[in-house]
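Produce the entire structure from the sequences given, and follow the hints as far as they go.
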Amino acid sequence: MSERTVQDAIDGKTTTAGTPLVRRHGPLRLVYEAFVIRREATIFIVAVGLLLYFWSNNSDFLARNNLVNLSQQTAPYAIIAAGMVLLLVSGEIDLSVGAVFALSPFLMHYMIDYYGTYPIVAIIGSILAGAVIGLVNGFVVVVLKVPSFVATLGMLFLILGIMLTTSHAYPAQIPEAAHGVRGWFGQADWSELIWCLIIVAYFHVVLTRSRWGLYTIATGGNPLGASEAGIRTGRIKCGNFMVTSALGAFAGILEAFRVDSIDPTSAGADGASPMFTAVSAAVIGGTALAGGSGTVVGALLGALVLAELRNGFNLIGINANPFNIILGAAIILSMVLNVYLARLRRAGRR
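So the sequence shown is numbered by the working numbering: it starts at 1399 and just counts up by one.
Because the hints were derived from the structure by calculation, they are not lab data.
Since the model is a prediction, treat every value here as computed from it, not as a measurement.
Glycine is no exception: its CB is placed at the ideal position from the N, C-alpha and C atoms.
Warning: the hint list may mix true and false statements.
What the hints assert, rightly or not - Listed next, with one range per pair, are the computed distances between beta-carbon atoms:
no. : residue 1 : residue 2 : range
1   : D1458     : T1563     : 38 to 46 Å
2   : A1688     : Q1571     : 37 to 45 Å
3   : Y1568     : L1731     : 36 to 44 Å
Right, dumping it as structure tokens:
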């Protein structure tokens, strides 16, 4: 199957080899590409602007210790958002990833302390367990035809209930046997950020340069056309559910090592806090909730913007309550901007 065929499926049209391509010319071409085609450009400018604003109000904003804090406030949500972007682009959403975030450190703890599993094996096993949860979500959505919102909402409460019941809502200590790997998995100052950049870079390539990414965009942009083009859209969605849950599990393990504690309420009382932050980062970064378009790098920048706001408000003495006001306004503005830019891109291809 050619990439041209898949692109036609995304666009919902039929073209021939002789169809001429319409190109824009003129001095504003680079600006047009930066702000319409490259959606990361706008959010990058916002991130830099916030950095300069908070630094001008408090010079400690760029101090080493605060930069470490900023990276630790950004990395776990950017990791989850990397998987969430693929899922949103394919036209689905996972509300249970926050519960997986909280569950995975407990699975690691049980495997090490109760079954004597090697720490690295326990970490990998916990991530694979997250992937299995994603597979179950995908099965319910794709095979049983349950809307992803409903299916993953049910999974969220199921996981949260099991975890709180088995742990009695008490936190646990990081297993002593795992102390040797703590620095690699979150406790060292920059380790979360390093993992984050590796994961974001990998899934950026997957989404923009691989056949899987092309099929993901086609599945979310025009499901019927993608199916008619021979794309197994159900497999694409199941795979993206698995990726999202696995990344949620990994982010949860990193956070547990960072704070040196395994807390059943680490995802918030409703188990949804990491999910909401990741979705917010993805949307602010330019991913459309309707599917068909998104950017992993934009999600990273979106997570950075949210971290800058939280961190900066604290440093300059602004009450944290207005954060939700700004977050809500940013999401609405981002969605409106995404719709408008999508229209411009479609007009540019005509």
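Checked hints:
1. The hint said 38 to 46 Å for the Cβ distance between D1458 and T1563, and at roughly 43 Å that hint holds.
2. Checked against the given bound of 37 to 45 Å, the beta carbons of A1688 and Q1571, roughly 44 Å apart, stay inside it.
3. The hint said 36 to 44 Å for the Cβ distance between Y1568 and L1731, and at roughly 41 Å that hint holds.
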